[in-house]
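J.: The residues making up each chain are set out below.
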Amino acid sequence: MSASKQPLIRLQDVKKVFFTDEVETHALAGTHLDIANGEYVSITGPSGCGKSTLLSILGLLDSPTEGKYWLNGKLVSDLSLSERALIRNREVGFIFQSFNLIGDLSVYENVELPLTYRGLSNADRKTRVTEALEKVGMAHRAKHLPSQLSGGQQQRVAVARAVAGQPLILLADEPTGNLDSKNGEAVMDLLRELHRGGATICMVTHDPRYATFADRAIYLFDGRVVKEEMVTFKQDEEGASLVGSHAEVV
Amino acid sequence: MGILWQDLRYGARMLWKSPGFTLVAVAVLALGIGANTTIFSMINGLLLRPLVGVETPDRLVAVYTSDYSSGLYGSSSYPDYLSFRDGANSFETLAAYESAVASLTGNDEPERLRGESVTGNYFQTLGVGAFAGRTLLPEDEATAGGNPVVVLSHNLWQRRFNSDPTLVNRTITLDGRAHTVVGIAAENFRGLHLGAPPEFWLPMMPPPDEPAERGSRGLMIVGRLRAGATAEAAGAQLKAIAARLAQDFPDTNRGTLERPDEPRPVTVTAESRIGPKQRETIAGVTGMLMLMVGLVLLIACANVANLLLARASVRRREIAIRLALGSGRLRLVRQLLTESMCLAMLGGLLGLLLTLWTSDFLPKFFPAEDAGGLDLSVDWRVLAFTLVVSLLTGVVFGLVPALQASRQNLLSALKDDTGAPEVRGFGRFGLRNALVVVQVALSLILLICAGLFMRSLRAASSSDPGFNAENVLLTRMETRGVKMGREEEQLFYQRVQEQVTALPGVRSVALSYIVPVSGGGMRTSVFIEGYQPKPNEDTELNTNIVSPNYFKTMGIPFVQGRDFGAADTKGAPGVVIVNEEFARRYFGGANPLGKRVRTDSEGPYLEVVGVAKNAKYRRLLEEPLPFFYTPLAQGGMSSMTLLVRTNGDPLDVLPSVRAELKNLNKNLTLYQINTLTTQLSEALSNERMVAVLLTVFGVAALLLAAIGLYGVMSYAVARRTHEIGVRMALGAGKGDIIRLVLWQGMLLLFIGSVAGLAASFALTRLMSSLLYGVSATDPLTFVGITALLSVVALLACYVPARRATRVDPMVALRYE
Ligand SMILES: Nc1ncnc2c1ncn2[C@@H]1O[C@H](COP(=O)(O)OP(=O)(O)OP(=O)(O)O)[C@@H](O)[C@H]1O
Ligand SMILES: [Mg+2]
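Top line first, the protein sequences correspond to chains A and B.
Sequence positions in the first sequence follow the working numbering and run -16 to 233.
Sequence positions in the second sequence follow the working numbering and run 128 to 943.
Rather than coming from a laboratory, the hints here were simulated on the basis of the structure.
Keep in mind the model is a prediction, meaning the values are calculated, not measured.
All residues carry an ideal CB built from backbone N, CA and C; glycine is no exception.
Some hints could be false.
Covered, in the sense of this in silico footprint (three residues per stretch, anywhere, with C-beta under 8 Å from a C-beta of chain B), are these stretches of chain A [what the hints assert, rightly or not]:
#	region
1	18 to 31
2	41 to 55
A few chain A positions that, by computed beta-carbon distances, are all more than 10 Å from chain B [what the hints assert, rightly or not]:
#	residue
3	Leu62
4	Gly120
5	Arg175
Chain B on its own, in the form it takes in the complex:
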């Protein structure tokens, strides 16, 4: 311990004595370690952090079931939930919940709230208490029809009710009905999932006890494991129940797309803020980012190792004297390693500061609705990670120079510094050059990846969505707060369309249930007359409910047939418009017009009256989907999105649109106000974040490699000063000297580039699934990035080369 302390003190003194070296080394390390800590804090925030605000989160599990085609992680029906709850004893409690929206009306501006409808044991299951009043109880389920109660979030209570201490037991108006506020939930509970936190919780009204209810799967299930029970055991129990259900209710509980004869699967996983399917995607992307920052750190290590080697040659005498005085080699290596560790720790500390800063702005890449509650702040996991990475870094960059330094020839070092009488040239291909080659190769890999993702982003954002996104205003209208019957609602929508169309600056107006490229959508089973589905075929198709003029407003051209019109009303024959992909897939070459489809195996047929061009519906990067549209007038929803195509900036007409809608009904709630172009760009926020991060890392790598190259070349020039002096005495001109130095640098660049290109070819293939519209071996990127690197490297070598030409042969020769 005493020796360690002594080493530490000596190490600190040595670093203090050469502040330039220390500063550069620490900065380089901070960059490398900071990049790693940043990405790790992202992984931590997205995947590792436990749920907040709940009791013993490690005992909470999520239960997923599946419908015919939704895969392993689908939502569940109420009857299935009851069967699980009552049939399995692995759980202390098992609760169900679904997201809900409600319009809050009253004294202020009406507001659309997001909340949850939950079973009465929801709060008990999570172990969430009340800040004031009480949380929901099982007996509240019964009163939901008559005297409804609600629990509000702490945030809503503060924001909307000014933290009114008398709110509990008073009533508020949700969706036009009075609800008694029985309590305010604990302040730190923000819901189970990432995204906008729920602002209220309503007790779930049990649905009517009908067999069909088993097929209506919209609930999420969360359970608290009994002490001693495991997720696996719970899963096995539920599986047995699912097998029984498959027998008892084959219509709704048997067969999936992949396994038509087996029970619908049931899956139990640890409850987390992000669903299992998304976790896989996130793990893939963050894993790739982690690999990239690992490369940045390696470059930083190579860089600092080179600095240490240069320092070791300066400290030759000091080290030789230590060895001569009888210091053991091991002892010396330890001393030098302690110095490296000091550097690494300082770098880690600074890197942590960098992460504190990035954790503040990284969440801003995501739309607030997806990333609400994303906490990237530094916790003990991030701290531990930083510590381990710093220690490893210290060993990686410190060990080789330390070993090398301790192995030097004692005699020649002690004799003098001049060495042999001959002029020393560039010498053999030493460790320092190898380190620079590594840096060049690694930074090339990083830059190529960044280039590919940038090009992919470019391709994605310039890809044709199939509609014209310019000059379209979007605003969602919620009619829950307005007491309207179905017919009134239809009339209301018609009037909205008429009145808004009449506003100045408005070209056309439409209503749509689904907002394009919002990441979600609506699917329903489709039965096509005269089409026999293959045994495992997925017949659930994506659909939308739209008003007349939707296609005109969106700028989606018709291939055939007509738009929905005023005549397509509730009483009139049912009609649909399909897209080209739908027509191609189900009607082949036949004329689609007049063909018939239905969405209910017993319901009436709907006639195809038009074929629209393909567009992007759920995500911007999806393959063409078969899609169909039904008219709003033949079946609407209580919330629709108003699309307004304008002449100029769509936000300019927003005030008049808002005023007009309020004028039509003052209890109407407006939300999700956006322009279609922003909506499109938000659809790429993940891609953008990855591309931006990779570019930042790539540029950092490029800078580090350039610094490394510059350092080695400067060192080489300094070492060759005498030789350069001799060459100048022999008549070498400026050009000759510049060529001499550049040639050496270019050789390093060339070897590094070849290695980097080869590694990139191998590596980028692995990420081709993350790329869009650009090949993983895109020649333009490979060539362009190599050219960029070469130019920067050339510059990094040119500066020392210029310095070489300023060598005064007189001075150089005097030190012969």
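Next comes chain A alone, as it looks inside the complex:
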């Protein structure tokens, strides 16, 4: 990983401690991470190792207890709540395991939601929403309510919602966790397509097969990055062979 070019994301010695009932949980214990623009990174690791915590710090949902975080060259680890909300809204797209579409809002309105917080004009919003829905192949369902869609369809709408604002980075926490394998693969295909179109993606996954969809796989253990490997061969179109070569960093 070259450091010559400024990375889109840089985490430096980030620690996250949770205090509950006088028990300290070190969810992240000094994490270093650089992600370049246009990269597709997967994060894997056992349950409770801090994957989601890492992702929420990357997405500015949470701030680190210690350490520094630069997003696109800007130090963002010590921002106020409202500044973080602003960056979240403009620069980050979230995709959750359980879709998190809002039940009262139509597909269209769900995708539009982050744009409304930005104060975009009606016309602007409309083009962006339509574009995003077309990208995920859900334009024909714009007027439906989430409850009228299958899980896979809901996740595609969630992806549309994440990309509609043209964020710097897409963060996905086990986006296939609630889907059967067929639907899961469809969502993974969608992410790969977005990546090919230039999107920077950081995805948490349990599934080793999906980890290899990424350019780089990161292994977390007990709040530390224990292994990083470049995925040199990618699953071919038929999904027949799966070959990787490792380059240990830590």
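Here the structure of chain A is known, so what remains is to put chain B with the ligands in place on it, guided by the hints.
T.: Just chain B with the ligands, lined up with the frame of chain A:
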């Protein structure tokens, strides 16, 4: 029975287990039920409670006759009383009485007592016995002229005579004459009517047997129905007698304002502490108050129903398990209703405590003279009312949540609590929201009514009485205890005026027979030279007897002419001063000065020498009355009110005024000492009580609605935590979240307000007769109150909205 017991025990345990919920629900219910019990105890005390201290009060009836214009419930003359007594057999006995005053003199400070002059069968009719000695007997009527006797009240005996056991058969001095005390009346007898209880009873001296006496109507009549007789039958008998009297004595017993050719009406009603005419007014006002507290209770019910709905969603699993275990739906509803009943009963009990407290201070709204003996305490009627209201309340707020809870989907409740994978939003317009809308609407109605009555009170108290009430001391002087002839009396009044005027701090002094805005007055027939009354015209006009300087002291300006002067004496030509309304009505555009009127169709004419501006005479809220004044020097009374206009606080000069009057005559009795401003404010005590009560209820309603709104919004926020987390993850700022929550609250507020305003428009019209100086649809009140409600509602929503912004998206999303 076993099942009920089981339900009760289980219900009590469930309530005990969630003390927060129980406490709030019981407090809310106590407020609602307590308000109702309070107003009911008022109705009970004023209208329902039987007479105290008399035997079988349900067989006592009051008999009213009428003069030309006094309406159905007027007082009667002695000859008419005799005709009724001797002509009707529906009564065991029929007695007459009138209020009387007497100055008690002796060793102590002279004191003016209120009492009654009664026919000899009065005590027998009421079934009131003696505490000591005996009560009055028919034969006492004969001795009244020679060796007068008196019965004293137990209270007077205790208060004034230190419960002296040897008082009976001794003499006391009343109005300067020795009276033998033949007995002390039973302790619990406080007279028939509300107000200051009578302190003595004198036998009534039969008036001279003259035809004119039939027209002198000042007696009240009370009768005891014979066993088996009804008030209707008695009424029919008296009606027949009245018809005969109309034939025999057409001058005094025929024709009224409305029906000039019919006999004067006679009416028999159940005897009560408050006269029939006043009962109607009281029933109107208390009915309106009852309606208002009914609204408060409805709000409380909606509030608690909402709490129960919230609890039901917490108890989903428990209820589902019960249903799954085969509990029938009916059984479940019964179980849940038993819980509601427990709550309602606890609320009722606490509400009753509230009433115990209010019954103590509510009578203090009224001047003691009007409300003496007003007993608002809790009796079996109040208890029964509370019980019934509590039970009804329990059903009203408990039934819907119970039905709703028992109807839930068994499967989804048992499966798990998370429900569908999607993020639940605000959802459809549910029952809970409907209940909040109802609360907002009802509290708006209540607040608007309270606002209208407050404004009405403001308008009334700032209305111009036509005189300057500031810095005027009032004290009534009673000369009965002083043996004085008519001329001596006139000289005495003159000296009073001179001496008091000379006191430091005194600007001017006058004497007046009628105290302004005291609720009463004096009326007399007036014949106006050159004025032909219309066939049904009421020619009895209000009048007053005043000394010179009255207008100056009261601050009533003259429009024309002059004040009474030293020259207007008994021997001089008779003079009167009229008010503008009098002049307008009877003299039209002509110059009133020099016109002549008389108060006796045969008597001499009196000349109009002055025209004074209109003022308020009997009540503060009356329409302008035609009014005239006659000079004290041309006909006085044995009790007059001294008016002293002072430079500073009128009560400061009271000691020196009192000393001066005592100095003039030590047997003079002084009473009704007051300032004119207090007198004015007391004139509005009813209005004030209604306005204060309505405001209390309105504020309670507002609080309840705010709590309701707060509860529903908090619940909504809790339900939407996940959604809010998602929105925050997507970049929603604090403002976005606050707007989101407030918008929902404002929607409820808006619907409730529209409904409340519409209902208020319809409802307040009904009470326009109770309002003064403000329209029933006063826009300022409607707008102002709606604004007030909105601000409070906004606050109630803002707190949960703020809480929503503190949702940690991390935590919210972890519970996806
Ligand atoms: N808000 C919190 N409060 C307290 N402890 C927390 C909190 N969030 C995470 N943790 C703890 O931090 C550690 C890391 O949690 P995290 O959710 O990041 O794990 P994860 O790798 O995403 O696991 P999984 O694969 O099960 O989702 C865990 O021990 C977890 O219990
Ligand atoms: Mg996780």
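J.: Quick check: which numbered hints come out false for this structure?
T.: As far as the earlier hints go, only 1 is violated by this structure.
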